[in-house]
Amino acid sequence: EAQVTQNPRYLITVTGKKLTVTCSQNMNHEYMSWYRQDPGLGLRQIYYSMNVEVTDKGDVPEGYKVSRKEKRNFPLILESPSPNQTSLYFCASSLDGGAQYFGPGTRLLVL
Amino acid sequence: GQNIDQPTEMTATEGAIVQINCTYQTSGFNGLFWYQQHAGEAPTFLSYNVLDGLEEKGRFSSFLSRSKGYSYLLLKELQMKDSASYLCAVIEVTGANNLFFGTGTRLTVIP
Chain V
1 EAQVTQNPRY LITVTGKKLT VTCSQNMNHE YMSWYRQDPG LGLRQIYYSM NVEVTDKGDV
61 PEGYKVSRKE KRNFPLILES PSPNQTSLYF CASSLDGGAQ YFGPGTRLLV L
Chain W
1001 GQNIDQPTEM TATEGAIVQI NCTYQTSGFN GLFWYQQHAG EAPTFLSYNV LDGLEEKGRF
1061 SSFLSRSKGY SYLLLKELQM KDSASYLCAV IEVTGANNLF FGTGTRLTVI P
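Residue numbers (our numbering), protein chains in the order written: chain V, 1 to 111; chain W, 1001 to 1111.
The following block holds chain V by itself, in its conformation from the complex:
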């Protein structure tokens, strides 16, 4: 089954404790991206990647890092999480930056 998976689905952590949210897709898509979704603000792009070893900043990259060592994986790293990074995070992939397929979401709470 074609899908985008994210782990963990839910996470509660404390300020400053590094964390990684994994994202994997099995559709051989070139393009992957990360979004956060907050009430009243909609989906905002954090980072995206057009291919292996090619990443670029989206709208709200501050406080986040990504890597794209393999085509299928695109982890999101929060080196020192802060409470304003409490949000719902979605990973997405697409063949060419067009129609994107979203993962199930990761709900993060930073205390």
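Calculated directly from the structure, the hints in this document are not laboratory data.
Predicted, not measured: the structure shown is a model, and the values here were computed from it.
Yeah, the Cβ is synthetic: ideal placement off N, Cα and C, and Gly gets one too.
None of the hints are false.
To spell it out: a stretch of chain W is covered by chain V in this simulated footprint if at least three of its residues, at any positions, have a beta carbon under 8 Å from a beta carbon of chain V; those stretches are:
#: 1; segment: 1043-1051
#: 2; segment: 1099-1108
Far from chain W, by Cβ distances over 10 Å, these chain V residues were calculated:
#: 3; residue: Asn7
#: 4; residue: Ile12
#: 5; residue: Thr15
#: 6; residue: Leu19
#: 7; residue: Lys65
#: 8; residue: Ser80
#: 9; residue: Asn84
#: 10; residue: Gln85
Label pairs and their computed distance ranges (CB to CB):
#: 11; chain 1: V; residue 1: Leu111; chain 2: W; residue 2: Gly1028; range: 34 to 42 Å
#: 12; chain 1: V; residue 1: Ser80; chain 2: W; residue 2: Tyr1048; range: 32 to 40 Å
#: 13; chain 1: V; residue 1: Asn28; chain 2: W; residue 2: Glu1055; range: 23 to 31 Å
#: 14; chain 1: W; residue 1: Lys1081; chain 2: V; residue 2: Gln3; range: 18 to 26 Å
#: 15; chain 1: W; residue 1: Gln1019; chain 2: V; residue 2: Glu79; range: 41 to 49 Å
#: 16; chain 1: W; residue 1: Thr1013; chain 2: V; residue 2: Lys17; range: 48 to 56 Å
#: 17; chain 1: V; residue 1: Glu30; chain 2: W; residue 2: Thr1044; range: 14 to 22 Å
#: 18; chain 1: V; residue 1: Pro104; chain 2: W; residue 2: Tyr1048; range: 21 to 29 Å
#: 19; chain 1: W; residue 1: Thr1023; chain 2: V; residue 2: Lys17; range: 39 to 47 Å
#: 20; chain 1: V; residue 1: Lys17; chain 2: W; residue 2: Glu1014; range: 42 to 50 Å
#: 21; chain 1: W; residue 1: Thr1044; chain 2: V; residue 2: Tyr10; range: 19 to 27 Å
We have chain V; now place chain W onto it with these hints.
What follows is chain W alone, placed relative to chain V:
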């Protein structure tokens, strides 16, 4: 930059037709998407318009006017399961394809 506007909430009756509007201002326009998002779930792709005109797909249709910076999503024969948020998103080419989302329209279908 981009500015994407859509109504925050709409209510419609089961069996009726509803039109959800989206206006945008952006440079380097390269297409417009509509996504559906049920509460607590990931967005799912509904439609893509890059040329002016109407695209029909079953009960859902999407229209685009590039000169007016305007799109609408038309839902016919509304069903209760159509209660969801509908997200308008614009692809902007600024060196790469970036996808920018509106804040979404929450549609409630009532019996």
